[in-house]
Each structure stands twice: as structure tokens, then as C-alpha cells.
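Peer 1: What follows is each chain in one-letter form.
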Amino acid sequence: MMNTATALEWLVALMLLVGSFFTLVGAIGLVRLPDFFMRLHAPTKATTLGVGGMLLASIAYSVNHGVSLHELLITLFLFVTAPVSASLLAKAALRLRLKSRAPLPEDPASGH
Amino acid sequence: MLNLAINIAFCAIGLAMLLCLVRLVRGPDAADRILALDTLYINAIALLIVLGIRMASAVYFEAALLIALMGFVATVALARYLERGNIME
Amino acid sequence: MDTAPQAPQKNNAMTLPIIILLPLLAGTLLAPLAARFGRNSAAWTVAAITAASLGLVLSEASGVIAGQALITSWEWLPAIGLNLSFRLDGLGLMFALLILGIGLLIILYARYYLSPEDSVGKFYALLMLFMAAMLGIVLSENLLLLVIFWELTSISSFLLIGYWSHSAEARRGARMALAVTGGGGLAMFAGFLLIGSIAGSFELSAVLAARDTIHDHPLYVLALGLVLLGVFTKSAQFPFHFWLPEAMAAPTPVSAYLHSATMVKAGVFLLARMYPVLGGSIEFEVVVTSVGLITMVFAAYTAVFKHDLKGLLAYSTISHLGLITFLLGLDSPLSAVAAVFHIINHATFKASLFMAAGIIDHECGTRDMRRLAGLWKYMPHTATLAMVAAAAMAGVPLFNGFLSKEMFFAEALELHDLGLLGQIAPVAVTLGGVFSVAYSLRFIHDVFFNGEPRGLDRKPHEPPRYMKVPVEILVVICVAVGMLPGLTVAPLLAVAARDVFGAELPAYDIAIWHGLTMPLLMSVIAIVGGSVMYWLLQHQYRLHMSTPARWTAPRLFHRGYDGAVRLAGQFTGLLINGSLQRYLALLVATVALLGLSAFLQHGYSAGDLAPTAPEPLAVVVWLVALAAAFATVALHRRRFAAVVLVGVVGLAACLTFAYFSAPDLALTQLSVEVVTTALMLVALSLLPQEGPAKSLPTHQTRDALLAIGAGAGVAGLTWAVLTRPHESISWYFLGESIPGGGGSNVVNVILVDFRGFDTFGEIIVLGIAAVGVLLLMDGLRLPPAAGAGRGNSLLLSVAARALLPFALLVSVFIFLRGHNLPGGGFIAGLVTAVALVIQCMADGMDATRRRIGIGGAGLIGAGILIAGLTGAASWLFGAPFLTSAHGYPELPLIGKLPLASAVAFDLGVYLTVVGATLVILTRIGGVRSTTAAGGQV
Amino acid sequence: MIRRWLPYPLLSAALFAGWLMLTGDLSAGHLLLAAVLGAAIPRISAPFLEHLPRVRSPSAALRLLLRVTWDIVIANVAVSRLVLGPTGRLAPVFLHVPLALSNPQSTALFASIITMTPGTVSAVIDTENRELLVHALDCRDPDALIAEIKERYEKPLLEIFGC
Amino acid sequence: MEFLFASALGVVTACGVYLLLRGRTFSVVLGLSLLSYAVNLFIFSMGRVTAGAPPVVAEGVAAYTDPLPQALVLTAIVIGFGMTAFFLGLAVRAHGESGSDHVDGSEPAGPPEDPR
Amino acid sequence: MNHLAVLPVAIPALAGALLLICGGSRPLLERVLGIATTVLGAAAAAALAADSLSGAYRVYALGDWMAPFGIVLVADRLSALLVLLTSVIALAALAYAANGWDRRGRHFHALFQFQLMGINGAFLTGDLFNLFVFFEVLLIASYCLLLHGLGQQRLKAAVHYVAVNLTGSGVFLIAVSLLYGVTGTLNMAHLAERIAQTPEADIALVRAACLMLLGVFAVKAALFPLYFWLPATYASASPPVAALFAIMTKVGVYSILRVSTLMFGGDSGAAASLTSPWLLPLALLTLALGVIGALGAKRLGELVAHLTVASVGTLLATLAAGGSAGLAGALYYLVHSTLIIAALFLLSDLIARQRGSAADSLVAAGPPRQPVLLGIAFLLAAATVAGAPPSAGFLGKVMILQGIADHPAAAWIWGTVLASSLAALVACSRAGSVLLWKFTAEPAREITAVRGSEWLPLCSLMAASLLLVGFAGPLHRHAEATAAQLLAPSQYVQAVVGNSTERAPQPLGRELPR
Ligand code: NA
Ligand code: NA
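Same order as they appear, the protein sequences are chains A, B, C, D, E and F. Its first residue numbered 18, the first sequence is counted upward by one per residue in my numbering. Its first residue numbered 253, the second sequence is counted upward by one per residue in my numbering. Its first residue numbered 256, the third sequence is counted upward by one per residue in my numbering. Its first residue numbered 10, the fourth sequence is counted upward by one per residue in my numbering. Its first residue numbered 8, the fifth sequence is counted upward by one per residue in my numbering. Its first residue numbered 31, the sixth sequence is counted upward by one per residue in my numbering.
Fair warning: there could be bad hints in the mix.
List time: in silico DSS-like cross-link candidates among lysine-lysine, alpha-carbon distance up to 30 Å [unchecked claim]:
{"#": "1", "chain 1": "F", "residue 1": "328", "chain 2": "F", "residue 2": "468"}
{"#": "2", "chain 1": "C", "residue 1": "714", "chain 2": "C", "residue 2": "632"}
{"#": "3", "chain 1": "D", "residue 1": "159", "chain 2": "A", "residue 2": "116"}
{"#": "4", "chain 1": "F", "residue 1": "328", "chain 2": "C", "residue 2": "377"}
{"#": "5", "chain 1": "C", "residue 1": "377", "chain 2": "F", "residue 2": "468"}
Derived from the structure by calculation, the hints contain no laboratory data.
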């Protein structure tokens, strides 16, 4: 049977792999997806489960070295800020009327 | 085990960064470049966290925290600029 | 050179310096003051000063004539051999008397000559300055001191020639005289430096004593040539003569004084002065005599064809200076006597002639001999005086010019050692005599006879009584000396000539009649030939109709002068073409070459350490950096993209720092990176969005080569260092960080403690940069960009406000832990500033400004002040600036509290950074502000 | 009295907790410092803060948090398949989501949740027309998606904040 | 590692120098930015590059990387930031006054010189 | 504890900060504060200079950290002299600015103080990286001061000036850090010791670093081909600023002098005789090009700027030729040229202001209101700057020419110096005759007379120049003593770091990445 330390190490490894996977997928999406509005969805994965996985790994790892929860702060920051970035980029793209597979709405970005 | 995972993570993040770079260079629009940079910041956070795990050191944490904060500012500034031609009024 | 002159008498009497100081200080200062009370008072004042100097000279004269040279000396700059040393010997005495005596007459003359519009005070002040300079030259015992006075004559003559500065001729003449004589003076200066270094002293006595050493020295010829350049330019010897006629644009008293009696004589004075040192060699003799001879003949010939009275006199002066030069070149005692004698004679008759010319000009309004004629009828008195003086100039017996000229003829027959020159000389001097008779005759006949004046705008008459007095005095001297040389000048001549020759003179005799000798024959030939020549010219050649090819030297000079100025301007313009690209390329190239040169000499080699294997992650970062850098270059015209790409390079740098054990750097690099990006965008919104399209690839290759060179250089240096083992003083910081600095983050302890002084300077740089931005944006208001979007984002607004408290929390965290872990005041300040900047982006600047409330520049000042006062506070404890204190005071409940004064210092850093960042971002960002608020941030 | 010293109690609490999280140190000194900061920072940043909507139902808030977290995980997996699969078959669309929320903070929260759950991105909050413009990566039935979004996230938010 | 480091520095320097020599103020800013990265990394590397040895004194750790170059880089970064900000302000103002963003204050006249 | 050495830095720094705080709102207070602190700084400088007469090195360990670990200020005869000179120039410039120039833009007085701080710091510091920091302080302050009053001309000049110096700063950093990378230290005295012990394999690296360093200093000093930024910059700066800038090139010269005597001096070591082969020809070329530029100048300001370049050429040529006597002459010449160039910049403003729109362009304009006074001032200044006797310029040149007489290239130096003297004389006479003699019949216009308070700074500088003549003897002896001190670098090293071996660099341990 695995002891706690080993289990924790497995957990860390698992979380790292999960994080890596979504980070990579986010980047692949960034390259593969055909138009800007669709590409806008890519970083969300990196932000949420990508970094989230890493942070969980870090928290799990720190259990052995005196618990630290400051990683949660990073998550908080990311969750507050990422939607803002995405929205601003979307607004900009709408104003510039970038090429889009989805039909663009009539009156772009006039709202507040 | 853990080392393997860490190395895989490094490779994945590295690859992700290169992909971001491809988008960054290729564009085609400024918005794409900002998006790529934003993603690059996120990747950098991930990278620093993994580095912290590997070095068993907490000194990388602040860097990650700052990227989260500062990367946001950069992205906002860029996007604002793109949208309005200036970033403050 | 068998017997030396009597040993000079040394004392420290102030007489000699006072002789110079009187005109130099009293004269220049009092003249303008006295001029306020009218021209008479000015003239009386300077005349009194001159008379006082003259009196002082005369008071010493008896001793000097008895053979006692007077030398006084004070130390000034002994290390370079410059002393305030003065000498009054025979030569000096003679010249001092000339300068002061004729000076007095000129003062009187000028009183009447100057018109009411002319500034009398300025004139007399300059005249006094010039007089002092001349006295300085002839009374200097120290060669460097002599140079000083020498150049002072150049400058004061520049001012005197340019006295009528409204006239273009005067300005040009003045500049030309200064350039030629000033240049010659510099050459002479160099020559003196050589002589001084050979002789080991600049004191004339020592230099005189070192004659043989100087002659044997390999640099003798060079020194001689340089000194002669000074002599020839000052005395207007061919080919440097051209400035003198051009200087005739000066008021006539100036011409009479400077260009006949004194300044031009400074050259021959120097020749005479240096003759005992430099003379006696074949080089000296050949060069000086031939230059003198050429000048004498050529200038006399030219004088004949001058229509301008002063032009004629000017060339005549050149010719007579040539004569004197010729005499001084000869290595015989009698030539020295003749030279000195002619110096005196020429000064008298030429000064009087100039004054006469000035009277004529004054009364007739012209100096053109084609218009002047028959003035005998209108001003017989002046005419008589002029005729006597002209006769002296022509060398007519019974007048002083005859005596010296005959001696000159006699000397010209003695040039047996000089080969061809010796055979030409007698013919040449006779020819010169012919010409000089011709122009003298022309001066008299053309002006006073020869019909009636043509086209004068007024009826000529005699000048005021006292204007003629100086002329009369001089003419009396001409006659007195001419008839009774033994009773008048003989003693003075004897001591002066002895000083020139440098040894006791053999017995000689000055008399009107020596019997029927060869020189007398030459005189007769000259007088007869000159008369015939003038008659022929007047009647056959119609002299008045001639427009002799204006001697081209002045033209050439002016063309050369203007050309040089233009060329200098064009050359400078080509070199310094206002192109930053060139300047930077030169800078890069120079530095690269400098760096390279070290390796060319010593070879490049990598160190001995084995390089470590690359890691995959590092390869990725490397690829990212390279790709982004190249892409920046490729896309730099698309500026927005370039900003983003530069940011990526920065990110790569940040990761590199993080990876290689520099978390502080990573943090800072990152924060700065982001702020810089924002800043670039703010700026970009005010600049063209795209660089102009590529056109001609003019510099691309050059720049690419430079870039590759610089890159290779940096890479090479890095590689060389990274492969070498490392030793540094940092062991001390690692060891002392906790015990001495009270912090475990060594980088931070270095920043705020070990090298806190650097940081102090660094925040000042940042603060001033922000103030600079503030100033740059002052008054710059641009309209909002066309088609710019408006309105704010609700999401951003909400997020910004939510983030602010947490950003502040993070600031505090980073600030406080900086001493022990990565962080510190700088990053904390950036975080705070950035959090505030986000507010600006979300809600607009004005709203944010209102909410912040504190002025930006004030914040910067407060930050610097806090940091500085923290540093200065250590003075109170008797410790040096910026000495830190730290301790762990025990507090109830809380336990040990780590406290370090460095925290206060860091607080200063923090405030400065917040203020500076805010100012920078909001100021540039506010340029396109719709609500143009000019208030401070 | 408490209002005067702690105008934003929730924020102060968050800052207090945040400091302890940052330092990872529960010593007396840091507790004191955290308290000081929790009290001071809101006062310093008061000019920038506006009154936050009162949380009426903490349990609903907790439920929403769990739901969003779960949705993020699920949706991430789903979207990953979309990204890695053939992209040509994706059917992106802009959705106009009518807003029932009126308070700016809760609206912002709603928009953020939409963005953070993969597959949808809030583009524009149009407060005048009271609607949210959302881009969906792959959506065959827009109306159903709008309804689902409103049901899953807006309704709990209305319950939590009441506006 | 050392090779990667050195070569990257070289490339960034070269790119920076090339941009520095362009004719527009903004390109100069870009070039200076790249140059300052290179310079900062260069200073940093003068303490040699070591992973996993941050100069934060801790018990039981014997090997630290050289902290001094890091402190120097920090100073250089801050100064560089200030200078960049100032130069940008200058570029903006110069363009605002003269209407040209050419480094020489006016559009090159006459035959189309290289306006880069 | 005697804090004299730090005062010339600390006083202006604190004053500058204070001035920033009260900046803008109370102009009179700013002016008074600015002048008062400058006077205070000058007093400190004078005390320091008096102190330096003993010939001792005053070493001030900042933060009480001993050299080479901490930063030290080292006041020897040279530093003290230059700090004093800076104070004199600063007082004159500030007094001039107080007539109204200081209100043509904000924060003039604060910037002025920081400028002084940077200059004094550069003269005093004994640490090479700290020298960089002070260079940056003085540069950023000079950028702002250059722009004082703004205007298109200044902006253009500033773009060039800033870009060149930013690039130079990059090179400075590379050079300093490279030296650190090889020798492991930053203190100049310690560097001198370390450079002398450089192992064979590292010599090229050290030399490359030193040469690049000299290149950077050459930019600041304005040596060919790196001086092209200077004429436009100096000519477009506002007059009091240009006057203050007269000391700025001297900072470059000082730095070259300091490092070349201290760190690259002597015959042994990696950096032996580093400067001589290339510095001399470049310096002579600089001198020649400077006077050629002056000859062809189209404005008086430009002319003075080119003469600044020429003075640097003279100085550096002398330094390159080496030798104690030449060095002493150069020091005297340095003081003289700084004073007179500052005076000329002030004077050119006075002249320009009486010439209406023609300003200081070398073309005819309407007659000035005070031709005689301006003429006398110009005559004296021009004669001095051109080195006409008996000015300080002349004495300086005599000292220099005598001092380098034994150098193999003495003929070149003599020829260039003398020919350039003539060219300068011609250039000045041309300028003077056009500006003060050649008038157009321009209709009468409002010209304000120069006020006494504007004459005062100019006259003070000229009087200082005259004092240089009057006290040439003692001053030259001081210059000789200063030169002797400079040429005895071992004493400097001894005073700063002692000869203790326990301060030597050591390896820090190198752990490979796991
Ligand atoms: Na620092
Ligand atoms: Na989403």
C-alpha cells in the first residue's frame, strides 16, 4: 500500500499532467481554431484547468513542506481577470469586425 | 515519478509556448497577437509553478502572482488600445 | 662677438612696469571717463598719461645711454618660465621713446582728426591699450611676456582698424590683419617655446647667453623659421605684406601710429632683439636679406601706381620695412646702426606723411590722387611740411632719410659672402631707391601741384592750427636729424645699435658728406632716375589713367578667408549632418572596433570550464526569445505587433532570470515589462501606427553588418566569461547579509544597504525621468484619435475596483518581505502603481486623479526625500550616509519584530516608484484626454 | 461604530485571510498585521470602492461555486475534444442573452462565469439594452443554450444578490 | 546552457542594434528595449549562470549564485525603465511638435532617402 | 566622523527632493531654495577643496561598508577641484537663470539640483558601477534641462542626445559588468589592483572592457567620432543650461583621466598603456574638427559648442601624451575652458537678446543697445577662449605645449594646438565683427537692456578666469600637485582598499542544475 507521502506525490504528478494537458490543449486551440472569436476560447482552458492543475499540484506538494495556500490567490486573480481580458479583446475584435465564422451582430460594441 | 511528471509538464508548457509564439508571429490580426501574449503569460505562470515544485522553493511564487496581476494589465492595455486607440481617457 | 655688452643692472624698481601699466590701466579706464567731459579732456588725460610714461622712460634714459641696461623681475608662473621681467636697454629705450613720443603727437592730432560722431573715449582707450602693448613688447625681458604683449598688439590693432566698424572695409581689414599677424604671432610663440626649451629659460639675458647652444641645436632652423614668420607677418614682409594696405581702412591717426611708427616696427624690433641670439648664421642672413630686398623693391614699385594717398604710403611703408629687414639680416655692425637709424627716421617722416595725408583727406574729403591736385594754393603750410617729409622719404640730402638710406646703400655693396644675392643687391637697392623717389615725387606733385582739384565737394583749406603741430614737430626732427645727426640721435643710436649687434660696435661716423663714394652715386642715380621715371609715367604712360591690376593678394586672402569659412561650414555640415542614424552607427562601430582591437592583439579564447548541457525548457525559452526578437525586427513597421513581440522577449528574459536563480530579477523584469508595454501603447496611440513603407535599402546592409558585429561581440564576450571560473567579492555579502544587513535576501540587502547609494541614485533617475515626462507633456494636447471607441467596460470597471485592495495587499506583502525574500520597495511600488493605472484605464484619468488626490511630482519628491533623510539620519549617530541599523526588538504578544532602517529607505523607493509610474503613464495617457485638465497628477 | 471602522467588513475579512494565505504564517505578529491591513486597506482605497451588493443567501452562493467548479471541469473536457477534433465542423454563434440582473457587480459576475466555463465567452455587456453578447464555440441550438445559461447561473445570482 | 545563453544574447543584441539604427523614434525605442534586455542578461551572466541557487541565505545551503550582478541588473532595469519612459515621452512630444516621427525631426527631403 | 565628502552629493539630492515637493506652486520659494542650497553646496565644495590641499585622500564609506564591498566616495585633489569648479559654474548659471529663464518650464530648480548631484557624484565616487549610476543621474537631469523651455529645435537635439547617451549607457553597463565578470570587483581602486594581476588568459577580456569603457567616456567627453551630438545639443539648450553643460564634457574627460591613471596606469598589468595609441590622434582630430566647426558656425551658440569640442580635443591630446607636466597644464586648461565656455554661453544669450529675430545667427542685425559693454565682454571672452595672451587660455596652452614637449608626437600636438588657436581666433573675430560691428538699418524696436543681475554671473565667470591668470603661479603648483597625485595610483589604492589580501574575490560555489 502507498503511504501518504507517496500518495501525495502521485497526486502532485497527476495534477501536473492534467495541468500540462489543458495548457497544451489551450495552445493547440490557439493555433488550430479558424477565427479570432473561436480562438478566444482557447486560453480559458489554460487559465482554468491548466494553471488550476499546476496550482493544485503545488498545494499538494507544499503539504510536506508546510502548507501554503497562497496559490489560491493566483487562482483568484486569474478568475477575476481572465473574463475581463476576454471581454475587452472580444469588444475590440467586434469593433474591428474581424473575420468570423459566426455571423457578427449588427451593432457591434456599442454597449457599456 | 514526480520528476517524470515535471519533465513532461516542462515539455508540454514549452510546446504550448512555442505554439503561442506561432500565433503571435502569424497574427494575422493584432487581436490574435494579444491573445497569444495573454496565453503566453498564463503559460509562464504554469511554468513558474512547476519550477517552484522542481526547485522545492517558494521564491517563484511571487513571480507567478505578479504575472497573474501584471499580465492582466498588459492584456487590458493592449486590448483597450486596439479597441479605442488609446488606453486611458 | 668678442665683447659682451655691460652686465645688466638688476633691481626691483617699479619704474618699468609702471611705464606699461600707466597706459594699460589708467589710459584705458580713464579715457572713456574723461571723454564724457569732452574730447579735450580725453585728449589731455591720455596725453598726460603718455607724458608720465615718457617722463619715466626719460628718467632712466641717462643710465641706459651710459650702458646700464635696467632689468626688473617678479615671479608669475616660474614653472613655465613666465615671469614679469622687464628690460630697458638701448634698443628698448629707443623704441619706447618712439612709441611714447609719436604717441603724444598722435593723441594731439587725433583730437582734431576725429569727427563729432566718433567715440573719442573708445578711440583713446584703444590707443592706450595699443601703446601699452607696444611698450610691453619693447620692454619685455621675458620672451613669453613678449608674446603676450605681441598678441595684445594684434588684438588692439584689430580693434583700431575696425574702429569704424560700420564700414565693411574696416571690418575685413581688421579681420585680415588679425588673422595674419595673429597667426604669425602664434608661429613666433612656438619658436620662442623652442628657444626657451633649448636655452632652459625664457629670460632674454639667459637666451642671449645661450646663443651658441641655440645655434648648434638641431631645432635651430625650425625655431628661426617660426620666429621669422612672426617677424615677417608683423612687419608686412613679402609675401605677408597684403594686410597692411587693407588696414588703411583705419582712421589716419591709427595708420600713422600703428602702420608707420610702431606696430609694424614690432616685427623689425623683434628681429633686432633676437639678432644677437638667432642672427649670424647663413640661414638667417640669406632668408632675412632676401625677403627684405624683395619686399623693398616690390613694394616701392607698387607704391608708385597707387592712386590712394594712404595706399601709396602703405606700400612705401612696406618697402621701408623691407629695407630695415634687409639691413638687420646682414651680419655687420654698421648694418645694425643703419637699421636702427632708419627705424627712427622712417618713423618720423612716415608718421608726418600719414598725418599730412589725413589732413588732406580731412579737408578735401578724398585721398584719391586723381581728384586731388594744386592744393599748394589752399594749404601751403601743410604742403610745405609734406614736401619736407616726402623729401626725407625719398632720401634727399639734408633730411634724415638720406643719411640712413646712404648707409643702406653702402651696406648693400658689402654682400660679398652671399654669392648671387650679393651681386643683385646693389642693383636692386638702387632700383628701390628709384621707385621710392618716384612715388615721393608723385605724392608731392600730384597732390599739391598738377593743376586744380577735380570734383571736390568742398573748398579745401588749412586744418586747425593744432592739427598741424604734430606734423611740424616731426618735420623739424627730420630736418634736425638730417642736418645734425651727431648732436641729436647719435647717443641713442649707439646704444640701440649696440644692443642689436650684441657687442660693442666699431667706430663709425654719421655725416652728410663722406666724399664721392659709391653710395652717393647710388643716391644720385635714385634721385635722378626716380624723377625721370615719374615724369615718364606722368606724361607718356598717363599714370592717372592706369588701373594697375589691383594686387590680388588681399583678394586672394578674402576669397580664401570666405572660402575657408564656407568650406568649414560645409565640411562640418557634411560630417555632422544631423542624422542620428549616422551618429549611432558610428557609436556602435567605434565601440565594436575598440572591443575587437583587444582581441586582435591578444586573441580570443573561451574559458576552461566545460559547458553544461542544455535543458529542454531552456531550449524552448531560447527558441521563444529568438523567434520573438527576429519577428520584432521583421515586423517593426507594424508597431503594435512589435510592441507585443518585444514583450515576449522580455518574458523570455524574465523566465531566464527565474530559472537561473534570480527571482528578484524575474519579478522586477516582469513588472517593468508590463508597465513598459502599457507605456509603449500609450505612446504609440500618439504616434503613427505604422512605420513608413520600405524604400531604398540604403543603410540596411551597413546596419545589418553592424548589428551582426555587435551581436557577435556580445555573444563572444558572454561565452568567454561563462566558460571561465568565477571569483568575486560577493562572499562578503553572502556572509554579512544577515549579521550586517539584517536580511536574508542578499540581493535586497545589497540594494538597500551594501549598495544603497546606487539605489538612491537609481530612484532619482526614475523620479527625474517622470518629471521629464511631465514637462514633455506640458501643453501638448491632441484631439482624440479619429474613430476611437468610447465608453468604458463594466466588467473592467468592476474588476479593477475589486482588485485594488488585493493589489495593495500584495504590495505590502512584497514590500515587507523584500528584505528576506524576493520583493522590495521597487516591485511593491510598481504593483501599487499598476493597480492605480488599471483604475485609470477603467474609469478614466480624471476620476482616478481625483480619487488619488496626491500630486505625482510631490510623491516622487517625498520618496526621494524619505530615502535621503534615512541616509542622512545616520549622521545623527556619527555614522556615514546610508548606514543602516537593524534589530529585533521584543514586543509583548507579538514576539521578536525584525526592524531595519533599510525599511524606511525602501519606503522612499516605494513612494518614488508609485509616483513616477503614475506620472509617466497618466501624463502620456492624458495627452489625448477629452477633458483637457492641466492639473498635476 | 463597526461600520465606521470597517466600512467593508467582507472585504476586510478577505484581506485578513489573504494576508495569512500570502505569508502562511499564523504567528501573533502576522495576525495583528493582517488585522491592521484588513482595516487599513479598505479605508485607503475607499475612494475607489462602491457599495457592494449584500449577499442574501450564502448557501446559494456556495452551491453556485460548486456548480461552476464542476462545470469548468466538465466543459474543459468537452471543449478539449472540440479543439483537438476536426475544427471544420464547429458551429460558432453569437448569442444575445437578455439580462435579468441589474446590479453592475452581479452582472459582471454573471459575465465572468460565462467566460470561465469553457465554450462560451462574454463579449459585450450592453447595459442599455440589458443584454449580454456571448460567443459560443459550438452551438447548434442557441435558444436552448441561452436558457441553460440563464437557468444555471443567472437565477442563482439573482437569488444570492436579489438584483 | 552557456551556448544557448550566449547565442540568445547575441541575437537579441543584433536585433536591438538593427532597430536602433532605423530612422523612426519608435523603432529606436524598440531597439533600445531589446538592447536593454541583452545588456541586463549580460550583466546577470557576469556572475555566471546557476540554476537552483538563489541568493537568499538559508540554513544548510552552501552554494549561492552571485547576488551582486543581480543587484546591478535591478538598478539597470529601473534606470532603463525610466529612460525608456522618458524617451517615449520625448518621441511623442517631438512628433506632436513637428508632425514627423523621424529621428531627425523632419521627414527626409528630396529623393526618397531611406525613411526607415 | 567627517561627512564633508558626501555633502556635495547629499545636499543637492535632498534639496532637489524638497524642490520637487514644493514644485510649481511657489516659484519664488523655489528660486530662493535653489540658490541657497547651491551656495551651501558651494561652501561644502570649497571646504572639500581646502581639505584636499593636504594631499590626503578622503575616503567616505557609504553605509559604513568598507571598500571594496561597499561604495566609497574618494575625494582627492582632482575630485575636490572639479566639484568646486562645478559649484562655481552652477552658481553662475543659476544666478543667470534666476533672471527669468527658470520660469520657462516647471521644476527647473529641482532638476538643476539633481544635475549637480549627478555631476558631483560622478566626480567623487570610487566605485565604477556607482559612476554609472551617477552618469545616469546627470544624464537624465541633463535631458530634462536641455528641454527646458521646449521648442522644436530643442526636441530634435534632445532626441539625438538622449538616443546616443542611452546607447552609450548600454555599453557602459556591458563594460563595467564585463570587468566584474573577470575581476570580481567594482571598486575602482580594487579594480586597479585586480587588473594589474590579470592572468594571461583574461587579458584580452579586460582590455576589451577597458576600451569599451573609454569609448563610453569618449561619448560624454565628446571625442571624435563620437561627439557629433554635441554641437546641436549645446547650441539649442537654454543659456544657463548650456553654461552648466560646460562642465558636462569635463565629466567625460575626468572619467577618462581617472580610469586611465588609476586602473590603466603604469606599465604592467592587462590594461597598460591602453589609451595612448588611439587617443592622441583622435584627440587631435577632435581639436581640429572642433575649430573647423567653429570657423564654419552659423550661430554663436554653435560656435561656442564647437569650441567646447575643441577644448576637449586639447585636453585629451594632452592626457594621451601623458607626463606630469602636461597633465598639470591640462588640469589648468580644464578649469579655464570650463569657466570661459560657460561665460560664452551666457554672453551669447545677452548678445542674441539685443539682436531681435536674428538672435545669435552670424548675420547683420539691427544695432544692439549696449554695444560697448557687450563688445568688451565678447572681446575678453573670445580672446580667452581662443587662447590669446595673456588670458588663462594662453597660459594653459603654454603649460600644455611645454608639458608635452618631450613627447615623440610633440610636433603634431604643437602644430595642431597652435593652428587651431589661430582658427579659433579667426572664428571668434569673424563672429564678433559680424555680431557687434555689422548692423543693418533695422527699424527701432524694443530691446531691453541687460540688467545688472544678468551681468553679474557673466562677470563673475570672467573674473574667475582673470583670477586664473593672476594666480596662475599658485594654481599651477596646485595643478602639478594634483597631477602628481593622479600619477601615483598606488597611493590611491592604498588609501581606499589598503593592501589586505582578505578582501580578495573568492569563488562562491557553483552548483549545476539538478
Ligand atoms: Na540598486
Ligand atoms: Na468560457
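Peer 1: Any of the earlier hints contradicted here, and which numbers?
Peer 2: none
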